[in-house]
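Residue-level listing of the chains:
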Amino acid sequence: MSANWLIVERRDGAIRRPSLELAAQAAKRGECAVLEVTGLEHSSVVPAVVALATRAEAEKPSLIHMASTPWGRELGARLAARLGSSFAADCTDLRPADGAVEVDRTMYAGKVRATVRLPLPAVVALRPGAFPLADGAPGPKVEQVPADISAEKLSFQRFEPTAAASGRVPLAEARVIVSGGRGLRGPENWKMVEELADLLGAALGASRAVTDAGWRPNEEQVGQTGKTVTPDLYIALGISGAIQHLAGMTSSKVIVAVNKDPDADIFKVADYGVVGDLFEFLPAFNEEVKKAKAQR
Amino acid sequence: MKILVCIKQTPDSTVRVKVASDGRSIDAAGVTWAISAYDEYAVELALEHKDRDKESTVTVLSAGPARARDSLRQALAMGCDDAILVTGPSAETLAPLAVARALAKVIEETKPDLVLCGRQASDDEQGFVGPALAEVLGWPHVATITKFAPADGGVDAWKEVEGGHEVWRANGPAVLTVQKSEKEPRYPSLPGIMKAKKKEIPERDPASLGIDASAPAPEIVKMAPPPARGAGKVIKDGDAKAAAAQLVKLLREEAKVL
Chain A
1 MSANWLIVER RDGAIRRPSL ELAAQAAKRG ECAVLEVTGL EHSSVVPAVV
51 ALATRAEAEK PSLIHMASTP WGRELGARLA ARLGSSFAAD CTDLRPADGA
101 VEVDRTMYAG KVRATVRLPL PAVVALRPGA FPLADGAPGP KVEQVPADIS
151 AEKLSFQRFE PTAAASGRVP LAEARVIVSG GRGLRGPENW KMVEELADLL
201 GAALGASRAV TDAGWRPNEE QVGQTGKTVT PDLYIALGIS GAIQHLAGMT
251 SSKVIVAVNK DPDADIFKVA DYGVVGDLFE FLPAFNEEVK KAKAQR
Chain B
1 MKILVCIKQT PDSTVRVKVA SDGRSIDAAG VTWAISAYDE YAVELALEHK
51 DRDKESTVTV LSAGPARARD SLRQALAMGC DDAILVTGPS AETLAPLAVA
101 RALAKVIEET KPDLVLCGRQ ASDDEQGFVG PALAEVLGWP HVATITKFAP
151 ADGGVDAWKE VEGGHEVWRA NGPAVLTVQK SEKEPRYPSL PGIMKAKKKE
201 IPERDPASLG IDASAPAPEI VKMAPPPARG AGKVIKDGDA KAAAAQLVKL
251 LREEAKVL
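Line by line, the protein sequences give chains A and B. The numbers in the working numbering rise by one with no breaks, and the one at position 134 of the first sequence is 134. The numbers in the working numbering rise by one with no breaks, and the one at position 190 of the second sequence is 190.
Everything labelled a hint here was simulated from the structure, so no lab data went into it. Here the structure is a predicted model, which means the values were calculated and not measured. C-beta atoms are modelled at their ideal positions from N, C-alpha and C, and glycine is treated no differently. Heads up, a few of these hints could be off.
Listed next, the stretches of chain A that the computed footprint assigns to chain B, with coverage defined by at least 3 CB atoms under 8 Å from CB atoms of chain B [to be verified]:
#1 22-32
#2 231-243
In silico SDA-like pairs for lysine to any residue, Cα to Cα no more than 25 Å straight-line [what the hints assert, rightly or not]:
#3 A:K227 <-> B:T32
#4 A:K60 <-> A:G30
#5 B:K111 <-> A:E152
#6 B:K249 <-> A:P262
#7 A:K28 <-> A:L120
#8 A:K141 <-> A:P262
#9 A:K268 <-> B:G232
#10 B:K233 <-> A:A242
#11 A:K227 <-> B:I220
#12 A:K191 <-> A:R175
#13 B:K54 <-> B:M1
#14 A:K268 <-> B:D237
#15 B:K147 <-> B:P112
#16 A:K28 <-> A:P140
#17 B:K249 <-> A:V289
#18 B:K183 <-> B:K195
#19 A:K60 <-> A:V34
#20 A:K291 <-> B:Q246
#21 A:K253 <-> B:I235
#22 A:K153 <-> B:G23
#23 A:K191 <-> B:A242
#24 B:K147 <-> B:D82
#25 B:K222 <-> B:T93
#26 A:K268 <-> B:A240
#27 B:K18 <-> A:T92
#28 B:K18 <-> A:I243
#29 B:K241 <-> A:E194
#30 A:K268 <-> B:E253
#31 A:K268 <-> B:R229
#32 B:K256 <-> A:A294
#33 B:K256 <-> A:V289
#34 B:K105 <-> B:S56
For reference, chain A alone in the conformation it holds in the complex (with noise of 0.2 Å):
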């Protein structure tokens, strides 16, 4: 029992970025066989857990890794249930802890932060962005494994796409992330906000208020019952920085916020703040960001 695993997810033909995160951070670890189940077109998790468990019943992985997106998430949690195996998502960091692992993972909605032993055999899945990808880097060599469809006991029926789906980056996947909130006063103020957007290729992020309200979609919300997120640069754009927005988000590398209220939260956390006007500051922050990329 010491093989690993790593489950990679693949997304219009290509492997997705937070799988060649884990792949380039596992060549570096050592032997790691890197899997990919396929045939999985319109199909829940099940196929792909029933075939990858039917293997590890005869390959006996000691970890099973994966990214911690939401299909990762559902495939290593039914994983792990099946195998009788330990289990974490959304970990920020893994060590080989004898005869164990360590993960690093959030607790809380962010406001903790621990780090857990799980027992081996273990199932973990880990936070995009956790790990570095070089520019470049090659690409895993991927062994296929067919889906049991035979496993499968739900039917698709279709995809209804949000109103404001837009082609962006995920929100759990981006490095850079323009959020908006109250502060912008209506939905139809947002066309600024995802100019910026486009300016630095970010995903759209959005306070509670905002979705609760229904100027963005749910999926947007940054936060407790929204998500947790790790990027870049955070620009919190009139969000007042509740309690439950900042735990879903104070772990970004770098955060600007603008705000009218110099006492806002949001400045507790923020690394750059701009107080002010945001209506008078973002066409004109807009403007320089143009600048400063057309500069390059």
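Starting from the known structure of chain A, arrange chain B on it as the hints suggest.
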């Protein structure tokens, strides 16, 4: 439809969580306990269905310490029909997979058509028990849903994914993990609270459920508050254009993120 909702009692989301002096648990002093946020959405989704279809019943089930009874009573006051609590000396130390087995045992006895739970608990945020429960039961699951509706003798579930929703159909019993309900969870009504007070909440001891409790237990070895972020630079003087230029300069030259 007979719906069963699994809930967990966790610290209320507005509580400032403090690490206890042992450095590996949270300080329970001053904590207000509540139904975990996503589980509360699950209760609301079930009750919205019951509002539309009076024949439907909603049972709430929890596994945990005795105080979890208060959260079950809260769910009853919101409008759930009955509640079951798995508790006893061993309930607090059950490993996550053993919790799933205990819940599965009660579910096999009560035979609901549909099981709902939150997509993850607000304390450990693992998102394990929902899919694990489905695996133990041998049922399919649909994760992170925002809506469900009966369809052709089964159920359709709207799963939130990047860019929209996938609609999945289960033709038999299924576990759905809830991302969010269409409306915010309702407050208990006064008659609801009175009615809930009188309801018996039967207790089950995990030791008597005949489950395999030998599940691997993750062990928290250290807990700490997130590192404090140093005070940042604040730009507050000058016009918007000057502030914008200054911020771009800082992000480029100092933070190196542009």
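How the hints compare with the structure:
| no. | hint | verdict |
| --- | --- | --- |
| 1 | 22-32 | violated (count 0) |
| 2 | 231-243 | holds (count 3) |
| 3 | A:K227 <-> B:T32 | 23 Å, holds |
| 4 | A:K60 <-> A:G30 | 18 Å, holds |
| 5 | B:K111 <-> A:E152 | 22 Å, holds |
| 6 | B:K249 <-> A:P262 | 22 Å, holds |
| 7 | A:K28 <-> A:L120 | 21 Å, holds |
| 8 | A:K141 <-> A:P262 | 52 Å, violated |
| 9 | A:K268 <-> B:G232 | 8 Å, holds |
| 10 | B:K233 <-> A:A242 | 20 Å, holds |
| 11 | A:K227 <-> B:I220 | 23 Å, holds |
| 12 | A:K191 <-> A:R175 | 21 Å, holds |
| 13 | B:K54 <-> B:M1 | 9 Å, holds |
| 14 | A:K268 <-> B:D237 | 19 Å, holds |
| 15 | B:K147 <-> B:P112 | 18 Å, holds |
| 16 | A:K28 <-> A:P140 | 12 Å, holds |
| 17 | B:K249 <-> A:V289 | 10 Å, holds |
| 18 | B:K183 <-> B:K195 | 23 Å, holds |
| 19 | A:K60 <-> A:V34 | 15 Å, holds |
| 20 | A:K291 <-> B:Q246 | 13 Å, holds |
| 21 | A:K253 <-> B:I235 | 19 Å, holds |
| 22 | A:K153 <-> B:G23 | 44 Å, violated |
| 23 | A:K191 <-> B:A242 | 22 Å, holds |
| 24 | B:K147 <-> B:D82 | 22 Å, holds |
| 25 | B:K222 <-> B:T93 | 18 Å, holds |
| 26 | A:K268 <-> B:A240 | 22 Å, holds |
| 27 | B:K18 <-> A:T92 | 21 Å, holds |
| 28 | B:K18 <-> A:I243 | 14 Å, holds |
| 29 | B:K241 <-> A:E194 | 19 Å, holds |
| 30 | A:K268 <-> B:E253 | 22 Å, holds |
| 31 | A:K268 <-> B:R229 | 8 Å, holds |
| 32 | B:K256 <-> A:A294 | 16 Å, holds |
| 33 | B:K256 <-> A:V289 | 13 Å, holds |
| 34 | B:K105 <-> B:S56 | 22 Å, holds |
Comparing the model with each earlier hint shows violations of hints 1, 8, 22; every other hint is respected.
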